[in-house]
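Asker: Those sequence lines, one after another, are chains A and B. Following the numbering used here, the numbering of the first sequence begins with 1 at its first residue and continues without gaps. Following the numbering used here, the numbering of the second sequence begins with 1 at its first residue and continues without gaps.
Hints were generated in silico from the structure; no laboratory data involved. No residue lacks a Cβ here, since even glycine has one placed at the ideal position from N, Cα and C. Among the clues, some could well be false.
Unchecked claim - Chain A is faced by these chain B residues, among others (derived, beta-carbon under 7 Å):
1) M168
2) F172
3) L270
4) I274
As the list claims (entries may be wrong) - From the derived model, a few chain B residues whose C-beta atoms are all more than 12 Å from chain A:
5) L38
6) L161
7) W196
8) W236
Unchecked claim - What follows is a set of in silico ranges between Cβ atoms, one per label pair, in the way DEER data are often shown:
9) B:V105 <-> A:L148: 51 to 57 Å
10) B:A21 <-> A:Y194: 55 to 61 Å
11) A:A86 <-> B:A271: 57 to 63 Å
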Amino acid sequence: MEAHPRPAARTGAGQPRVAGTRRALLLGGAALAGNTALAARLWQLQVVESETYREQAAHNRARTRPIQPLRGLIYDRNREPLVANAPVFGVWLAPADLPVEREGPVLANLAVLTGERLEDLRFKLSQARLAPDTPARLARAVPRESALTIEERRSDLPGISVRTSTRREYAHGDVLGHILGFTGPIPAEEVETYRRQGVRFDEDIGLAGVERSLQTRLRGRDGEQQLETDAFGRALHELSFTPPQVGQHAVLSIAVNEQKAIREILARHLALRERGAGAVVVLRPNTGDVVAMVSLPDYDSNIFTRGASSESFALLVSDPRRPLINHAISGLYPPGSTYKVIAASGALEAGVVLPQSKIHCDGRLILPDGWAFDDWLPQGHGLVDLERAIAESCNIYFYNVSGGNPYTRLQGLGNRRLAEFERSFGFGQRTGIDLPGEASGLVPTSEWKNKNLQQPWVTGDTYHAAIGQGLVQVTPLQIAGMYAAIGNGGRVMRPRLIDRMLDQHGNVAERIPPQVQGVLPISDANLRLLQAGLYRAVNEPQGTGPRARSAHTVVAGKTGTAEYSGARDTEGRLPSHAWFAGYAPAEQPEYAFAVLVRDGGEGSFAAAPIARDIVDYLMTGDMPPLPQDRPDFVSPDRRL
Amino acid sequence: MFLRVRRIEWATVISTIALVALGVLMLSTTADPDTRGLENQAVQKAVLGALGLGLAFAMAQVDYRGLHGLAAPVYLLGVVALVLVLLVGDFDLGARRWFEIGPIVVQPSEFMKLAAIVAFAKFLTDRSDSTRTLRTVMVSLGIMLLPAGLIFLQPDLGTALIFGAIWMGMVFVAGARWWHLLTPVVIALAAFPFAWFFAQDYMRQRFVTFLDPGSDPLGAGYNVLQARISIGSGGWFGHGLGQGSQSQLEFLRVRDTDFIFAMLGEQLGLAGTIGLLAFFSLLIVQALVIGLRARDMFGRLLAIGIAAMLFTQSFVNIGMNVGLMPVTGITLPLVSLGKNSLLVTLLSVGILLSIHSHRGAAPFRQQSMHVVRGSIPAAGPRGGLGR
Numbered sequence: 001m002e003a004h005p006r007p008a009a010r011t012g013a014g015q016p017r018v019a020g021t022r023r024a025l026l027l028g029g030a031a032l033a034g035n036t037a038l039a040a041r042l043w044q045l046q047v048v049e050s051e052t053y054r055e056q057a058a059h060n061r062a063r064t065r066p067i068q069p070l071r072g073l074i075y076d077r078n079r080e081p082l083v084a085n086a087p088v089f090g091v092w093l094a095p096a097d098l099p100v101e102r103e104g105p106v107l108a109n110l111a112v113l114t115g116e117r118l119e120d121l122r123f124k125l126s127q128a129r130l131a132p133d134t135p136a137r138l139a140r141a142v143p144r145e146s147a148l149t150i151e152e153r154r155s156d157l158p159g160i161s162v163r164t165s166t167r168r169e170y171a172h173g174d175v176l177g178h179i180l181g182f183t184g185p186i187p188a189e190e191v192e193t194y195r196r197q198g199v200r201f202d203e204d205i206g207l208a209g210v211e212r213s214l215q216t217r218l219r220g221r222d223g224e225q226q227l228e229t230d231a232f233g234r235a236l237h238e239l240s241f242t243p244p245q246v247g248q249h250a251v252l253s254i255a256v257n258e259q260k261a262i263r264e265i266l267a268r269h270l271a272l273r274e275r276g277a278g279a280v281v282v283l284r285p286n287t288g289d290v291v292a293m294v295s296l297p298d299y300d301s302n303i304f305t306r307g308a309s310s311e312s313f314a315l316l317v318s319d320p321r322r323p324l325i326n327h328a329i330s331g332l333y334p335p336g337s338t339y340k341v342i343a344a345s346g347a348l349e350a351g352v353v354l355p356q357s358k359i360h361c362d363g364r365l366i367l368p369d370g371w372a373f374d375d376w377l378p379q380g381h382g383l384v385d386l387e388r389a390i391a392e393s394c395n396i397y398f399y400n401v402s403g404g405n406p407y408t409r410l411q412g413l414g415n416r417r418l419a420e421f422e423r424s425f426g427f428g429q430r431t432g433i434d435l436p437g438e439a440s441g442l443v444p445t446s447e448w449k450n451k452n453l454q455q456p457w458v459t460g461d462t463y464h465a466a467i468g469q470g471l472v473q474v475t476p477l478q479i480a481g482m483y484a485a486i487g488n489g490g491r492v493m494r495p496r497l498i499d500r501m502l503d504q505h506g507n508v509a510e511r512i513p514p515q516v517q518g519v520l521p522i523s524d525a526n527l528r529l530l531q532a533g534l535y536r537a538v539n540e541p542q543g544t545g546p547r548a549r550s551a552h553t554v555v556a557g558k559t560g561t562a563e564y565s566g567a568r569d570t571e572g573r574l575p576s577h578a579w580f581a582g583y584a585p586a587e588q589p590e591y592a593f594a595v596l597v598r599d600g601g602e603g604s605f606a607a608a609p610i611a612r613d614i615v616d617y618l619m620t621g622d623m624p625p626l627p628q629d630r631p632d633f634v635s636p637d638r639r640l
Numbered sequence: 001m002f003l004r005v006r007r008i009e010w011a012t013v014i015s016t017i018a019l020v021a022l023g024v025l026m027l028s029t030t031a032d033p034d035t036r037g038l039e040n041q042a043v044q045k046a047v048l049g050a051l052g053l054g055l056a057f058a059m060a061q062v063d064y065r066g067l068h069g070l071a072a073p074v075y076l077l078g079v080v081a082l083v084l085v086l087l088v089g090d091f092d093l094g095a096r097r098w099f100e101i102g103p104i105v106v107q108p109s110e111f112m113k114l115a116a117i118v119a120f121a122k123f124l125t126d127r128s129d130s131t132r133t134l135r136t137v138m139v140s141l142g143i144m145l146l147p148a149g150l151i152f153l154q155p156d157l158g159t160a161l162i163f164g165a166i167w168m169g170m171v172f173v174a175g176a177r178w179w180h181l182l183t184p185v186v187i188a189l190a191a192f193p194f195a196w197f198f199a200q201d202y203m204r205q206r207f208v209t210f211l212d213p214g215s216d217p218l219g220a221g222y223n224v225l226q227a228r229i230s231i232g233s234g235g236w237f238g239h240g241l242g243q244g245s246q247s248q249l250e251f252l253r254v255r256d257t258d259f260i261f262a263m264l265g266e267q268l269g270l271a272g273t274i275g276l277l278a279f280f281s282l283l284i285v286q287a288l289v290i291g292l293r294a295r296d297m298f299g300r301l302l303a304i305g306i307a308a309m310l311f312t313q314s315f316v317n318i319g320m321n322v323g324l325m326p327v328t329g330i331t332l333p334l335v336s337l338g339k340n341s342l343l344v345t346l347l348s349v350g351i352l353l354s355i356h357s358h359r360g361a362a363p364f365r366q367q368s369m370h371v372v373r374g375s376i377p378a379a380g381p382r383g384g385l386g387r
């Protein structure tokens with residue numbers, strides 16, 4: 001039945017029928033069906049799913065911008081600032097605003113304007129694309145002119161903007177390099193770790209020193225600014241603002257003037273002896289406070305944040321003395337005779353010998369199997385008791401009390417008990433100082449030797465361990481810690497580099513209290529014997545450390561001459577590191593110290609005078625005269 | 001001679017005015033506020049709309065059958081213009097689609113749509129006794145493919161496809177066999193893999209983007225995604241005129257032309273979009289009704305062609321905005337910014353009005369009805385032109 005349109009009906013049957021009515025109606029039905037489908041879709045979009053799209057629209061216009069807190073500062077003990085945040089111009093990218101097809105020319109332009117390498121920019125862009133809504137930094141510090149040019153050419157550089165940020169500038173970076181460390185870009189392999197902590201890949205983080213160990217606390221927490229932006233990334237107005245949590249400031253236990261002077265003293269002596277490398281650690285025995293810590297050669301923190309010239313950087317990296325490493329905490333050395341007090345205390349506590357027991361030293365001990373162990377004094381010390389053995393650093397005495405003597409049937413302390421005592425002084429483990437990269441050293445045992453060298457432990461190994469030779473490895477900080485413990489009455493303190501943390505207003509946020517890590521397993525009486533031996537080593541004519549004697553106070557300490565394998569000198573002696581460790585004043589110690597001159601020869605010659613100058617300085621506050629100007633100066637050409 | 005004011009089909013006129021007004025309203029929210037008077041695109045559109053509507057009213061007074069004689073020359077003129085635009089047209093956005101003559105931009109493909117409708121109507125009316133033959137269908141297909149092919153070369157795939165839709169609607173109503181119509185469709189589908197091989201990159205890209213706009217949110221899929229967000233965020237009643245972050249902050253691109261519907265969706269919400277859809281439906285239904293009431297095959301086919309054109313364009317454009325159709329660059333008739341499109345659509349409305357006002361009646365109906373009745377051939381030789 002064909003539908004008759006009204007006109008046809010009105011004009012009557014005479015009007016010729018026009019064909020295709022049914023099909024036209026069919027088309028009309030199809031059109032209405034199509035529009036109904038559209039209406040249904042509109043219902044879906046605008047009613048059912050509207051909320052989702054509303055969120056997406058809000059997300060479109062709102063650009064979240066992290067507000068990085070200013071990095072906390074670092075002060076010395078006297079609140080002298082050691083670092084400042086200097087303003088620099090950084091170039092930033094809002095990844096979502098840089099169309100993919102324009103990447104090429106924009107990056108090429110930026111490479112010219114910022115001086116960055118194109119491949120670096122590409123890498124940063126690819127990283128930034130992972131989080132398209134958060135701006136990322138492409139260049140950390142560009143010259144002012146470049147910054148202005150980039151601002152002017154914003155229309156050619158979609159998504160690119162210039163922001164001021166900061167760079168670390170170290171006030172005393174030249175003397176505190178190893179302590180403060182420096183900041184810099186996150187190493188590629190750690191990017192993911194830091195991302196999980198909320199640190200963006202393009203941020204500067206602490207890479208060494210306190211900057212690294214206190215990274216989280218110095219950094220603070222990001223704030224957030226939400227901006228309404230149009231499709232071209234232009235910010236229109238602020239939608240919300242969450243202020244950042246400013247990083248805390250650190251106050252060190254070190255005073256910069258003391259650190260500077262002590263570094264200078266070490267540098268003078270090294271120059272005089274034509275020795276390139278050495279380390280000094282000075283602690284407060286009662287608290288473990290670090291007074292000074294020097295490792296020479298060192299570096300200036302500023303060369304990393306200012307952008308070192310590639311030559312000076314290459315020099316630092318290629319120097320065989322490894323100036324980038326803080327040898328005071330990371331360098332491992334045999335401790336030599338400074339170690340003897342351990343065997344001494346162990347022997348006393350274990351009852352191997354009595355304080356007054358005398359052992360005969362004729363300069364050499366030959367074991368039945370034929371191995372010979374020498375004293376440093378060829379003619380020997382004769383009959384020595386404990387105090388004299390320490391004072392005169394008699395090797396034979398310590399061989400006897402540690403490894404025993406097959407001829408006198410003296411039962412020595414033995415490797416196992418010696419190792420226990422070594423550990424109780426803090427050796428073979430990290431001290432826990434707030435610096436990255438600390439080494440733990442090695443307390444050798446028969447198990448260790450079996451496992452690592454596949455060799456059995458022999459009596460000679462115990463002899464060597466007792467006098468700080470052979471397999472023993474320590475850091476200068478551990479040695480200083482040992483002498484601090486002897487000086488303070490037997491408490492092994494955790495070295496304390498950070499005194500307190502301050503909030504942004506300068507109020508104390510946290511005080512870091514001194515921390516006792518252990519107590520020496522030594523009776524007071526025996527400890528006093530050790531102290532007496534150390535006193536005599538410096539203050540009696542026969543002692544090994546007279547050159548550490550100070551005009552201003554009484555020093556107690558021990559020399560060390562730690563041989564290590566290397567080319568022998570003309571007299572057939574192995575090269576040796578020179579040590580001097582001790583404390584002052586002897587009665588109520590205020591300072592404990594360890595001095596190391598790498599390849600310095602005799603401790604009594606090379607290291608003891610350095611300790612004396614340091615003590616003189618700390619006692620008087622005045623810089624001591626140059627070593628060569630002193631009346632008792634002994635030319636380094638003369639060797640004992 | 002008497003000049004008698006003929007009756008105007010008001011539903012058609014009202015829906016037309018409503019659609020143009022919605023377009024003017026949308027354009028006014030994005031117009032550069034510094035422009036005054038005729039420099040303002042919304043004002044331009046309103047003025048041109050008024051003029052075009054006036055022209056349509058005038059056309060209502062003229063018998064559409066005059067177009068029967070004009071069909072061939074107009075068609076040939078259009079084809080020549082299409083050839084010329086390929087040779088000397090202005091190259092813009094990777095295509096040659098228009099001439100710039102002083103301040104006026106002429107886009108021949110727009111006018112060709114109307115010319116092709118008239119040509120089909122004449123051809124199919126002339127061959128009304130042989131529309132069931134394959135020969136007639138194939139010749140008409142040729143008439144369609146010539147301009148469509150030229151437009152495809154510009155390249156403008158979307159407009160070329162509109163020609164196919166118009167042709168199909170008109171040939172269908174003219175009485176072609178089903179399988180004659182379906183064969184080209186089947187062939188086209190079978191040819192798809194080859195077409196894919198020869199297609200320009202942008203066409204493939206658009207197809208892929210249609211299938212998954214999220215695949216490249218910053219690239220080709222950007223507009224589709226932003227359009228959907230704009231429409232969706234509009235909700236029931238929209239953010240209000242001149243409001244809405246998507247269009248005002250220009251996340252929505254080409255918002256004045258291809259995506260003007262999305263802007264409307266954001267600002268006026270479901271009320272606005274359904275309203276617009278209703279006006280389009282009304283206009284298309286009116287075109288069909290006018291076609292059904294037409295007194296002859298020529299008028300009916302003209303109206304069917306115009307209805308097909310209006311429906312295809314609006315459906316494809318809105319479908320693209322809501323993510324149901326691929327991006328084809330087809331504007332929304334009467335609503336979008338394009339002036340050529342507006343003028344051609346209003347001319348089409350004029351033709352509709354003329355078909356309506358000349359429906360079922362010979363000139364001087366009152367006096368000669370009984371004389372003339374039944375004696376005037378379906379496509380009478382003399383129309384209203386000679387009154």
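Asker: A separate judgement is required for each hint: does it hold in the structure or not?
Answerer: Hint check results:
Hint status for M168 of chain B relative to chain A: violated, with the closest Cβ pair at about 10 Å, above 7 Å. Given the 7 Å rule on beta carbons, the hint for F172 of chain B holds: about 6 Å separates it from the nearest Cβ of chain A. Checking L270 of chain B against chain A: minimum C-beta separation of about 4 Å stays under 7 Å; hint holds. Because the beta carbon of I274 of chain B sits about 6 Å from the nearest beta carbon in chain A, less than 7 Å, this interface hint is met.
Consistency note on L38 of chain B: stated as away from chain A, and its beta-carbon is indeed over 12 Å from all of that chain's, at 28 Å minimum. The beta carbon of L161 of chain B sits about 15 Å from the closest Cβ of chain A, which is more than 12 Å, so the claim that it is off the interface holds. W196 of chain B, annotated as away from the interface, keeps every beta carbon of chain A farther than 12 Å; the closest lies near 23 Å. W236 of chain B, annotated as away from the interface, has a beta carbon of chain A within 12 Å; the closest lies near 7 Å.
Distance hint check: the CB atoms of V105 of chain B and L148 of chain A are about 41 Å apart, inconsistent with the given range 51 to 57 Å. At roughly 58 Å, the beta carbons of A21 of chain B and Y194 of chain A sit within the given window of 55 to 61 Å. Checked against the hint of 57 to 63 Å, the C-beta distance between A86 of chain A and A271 of chain B comes to roughly 58 Å, which is consistent with it.
Against the hints set out earlier in the document, violations occur for numbers 1, 8, 9.
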